Amino acid sequence: MNRKVYYCKLSSETVNISNDFINKLNRSGAHILLDFKHVKKSFKNVPVLNDFNLHINKGELFVLVGPSGSGKTTTLKMINRLIDPMSGTIEFEGQNINKIPLHDLRSQIGYVLQQIALFPNMTVAENISLLPDLQKWPKDKQRKRVDDLLLGVGLPPEDYRKRMPSDLSGGEQQRIGILRAIATEPKLILMDEPFSALDPISKKTLQDVVINLHEELHNTIVFITHDMSEALRLGTRIGIMHDGNLIQVGTPDEIRRAPKNSFVSEFFGLDQPNMHFDLTEMIQNSFGIPFDETADYPIISAKTTFKELIPILAEHAVVNVQDDNHHILGTINAQSLVRYDASMANSEVTH
Amino acid sequence: MTQLMETFQTHRSDLWTAILQHLQISLISLLIATVIAVSLAIWLVQYKRAAEIVLQMTSILQTIPSLALLGLLIPLVGIGTLPSIIALVAYALLPIFQNTYVGLTSIDPSLEEAATAFGMTRTQKLIRFELPLAMPLIISGIRIAFVLIIGTATLAALIGAGGLGTFILLGIDRNDMSLIIIGALSSIILAVLFSALIRRFQNLKVKTIATILIALGVLFAGGATINALTHQKKELVIAGKMGAEPEILINMYKDLIENDDPTINVTLKPNFGKTSFLYSALKSKSIDIYPEFSGTVLEELVKTPLKNTNKEQVYQQAKSAIKAKDNLDFLDPMAYQNTYAVAVTKEFADQYHLTKISDLSRVSSKIKAGFTLEFLNRGDGYKGIEKKYGVSFNVKSFEPALRYQAIANGDVNLIDAYSTDSQLIKYNLVTLRDDQHLFPPYQGAPLIAKGILKKYPTVKKSLNKLGNKISDTDMQEMNYLVDVKNVPASKVAHDYLTKHHLLD
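Protein sequences appear in the order of chains A and B. So the first sequence is residues 1 to 351, counted in this note's numbering. So the second sequence is residues 1001 to 1504, counted in this note's numbering.
It is worth saying that the hints were derived from the structure and are not from the lab. On a predicted model such as this, the values are computed, not experimentally measured, just so you know. Treat each hint with caution, since some may be false.
[Unchecked claim] List of simulated lysine-lysine pairs, DSS-like, C-alpha gap at most 27 angstroms:
1) B:1274 <-> A:99
2) A:141 <-> B:1491
3) A:162 <-> B:1274
4) B:1303 <-> A:136
5) A:77 <-> B:1048
6) A:139 <-> B:1207
7) A:141 <-> B:1207
8) B:1048 <-> B:1274
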């Protein structure tokens, strides 16, 4: 519950309680799930990871955040040995991962990819029950597990079980991708920029899915993103990476309050999604949809911020926007927001 | 059109046999090629270099002309179904291998990464998603291969494996368009039908496809075993070269042998192929008997020069030479001589007063000759004419049946012929007298594989009943009945034997 509360910007006191709790956990070594010790890696003589040291505790939702090329994906893929370090060791529950049989190691680690990578020849149910099936669960247990998982993320099983991945939206696909990774309740789940290809609305919904799952299952998640707001929203602890170095590790609150250097504060500031957001501008630049006098859409103020707008649009498909003089400026839906957001992202690149 | 229907009616049962043979050869080849190519591709997906090399090799295999490949296989595996299947498999490898390889290598790498991260083994990856995703491409490769096989399998008839090619070859040999059309049409229908059927495999699960393939394999293996078992009976296989005359003769052999000893079951393989195929088949005991000519035995099989051109002495020389060389038995010869001849049209002969071969030296510049490949290369053929008569012509090579059309169309004005060919009458041609005695006498007699006469003691007596029977005109008439009148060879043979009381 804490993180949700924190996100809604209620009292910072609650946040501090939660951080204290986590810090207490951190101090006892028995709770360490993953331990990176002096890990180094380079590709073709270009270093991508310099003397990397980090421990991740059981039950944490640890977010590694950094710009592309910072080494965060390499770090993640070393955990399930898709990539092996050049030197240094990684311990899983106190055991060097090179000493654990590969199949045993990987069967304890769920994996969610940026590309989603659902198997296009399998139905939704077959994708979710892939790992249970490989582990020879009885068929009825598999079926029950699929239905429970689908219900848990708000997808009616009778409607979704038999669908093919190509029939789903990107957001729905990644929900299935997450369910596939957690179907066998692995001790650790790795998520490699899972939402970076999704539109803002789906992104928010899926972030909620991750938060809820983590609260229910108390499993450990290592989550990678280049989006600082996503890191702040999800992470119980955050590690900021830059050029193969771990710059700062801390709770979201610690990082906000005391960014270690200018890179951290800049990265933190640049990624504010509501920086250039202006509903009036959005409608004037015809990102809206035609106004319909007969329809009875909810009315919102033109001063509504990006963050406020997302939950509203998640609830109501279409809204009318009015200015301070109660004049209707225009009508928008989720699609308008996606298009506007995309055009903003493009203009930022050209700046 | 009515002629086509007529031909279809008379050959209906033959057509069914040919279609079944054709399908059997094609499906077995396809099955073997699929198993080889798909497993090879699955294995080589991990080794890019090796895969490229195999791809090159399979494409080289495909560029070998099919006829040449069949020819190359004869000394290695003999004739019949086996070399045909080997050749067809070689042709089918490329499309199946290529498509499977491309299908497997073009799978989204993120799927591979996900599967690896889930701890899936290579086999699990293959069955769960790699093969299913590559399936449309694999299936289309198999379809391409199958259409290729159906077409190429018509050549199997050339080396005695049967199939629809027999219709086409027979059609060419007898100059019968209906037979060619029926053969070609059937092969097209087979290709289209099965191509559509194979496409249905695309949407099946890997396990279902594997089950179907295994079932088919068991079916064929079972069929082959049953075949082998039923062939345990006392059975003689008698084959003949292309054309009506050998087919009539082997039908007579069958009637005579079975009449004298009903426990012997004779299987006929008419239109089995050319001399060299039959000779190697006889030596390898794929067949037991075929009718051969004394001159051919000496010229082509033992390759010794003739001592003279006296027919009795030539026969004796051939008989002892082939016994010494390959331990084959050459029984008593028939009366007629089917020797080589060179023929011109009646008008051409009249215009230039041609009656004998030596007359050709006067008009050698006006001659456009159309000879069979066999005649062109034989010491007692064109080479002999050049040497003995001292003349050379402008020469083109033709399939035996096509040279008659060529002279009728005026494309050529001199052809080689057999003296008993019915076409000589049909096209109003005259043969030129061999005044320098170049052509050896060609007396027909049964040539018999090693050990057969010991195993079947009645056979020698039965076949020698034909000794000194069948005159030149008898043979020409019988050929005419089969070639032009479309009377079945078995009926013509039986009628002759009854008429001459040889079956009493």
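Hints broken by the structure, by number, lowest first?
Numbers 1, 2, 3, 4 and 8, in rising order.
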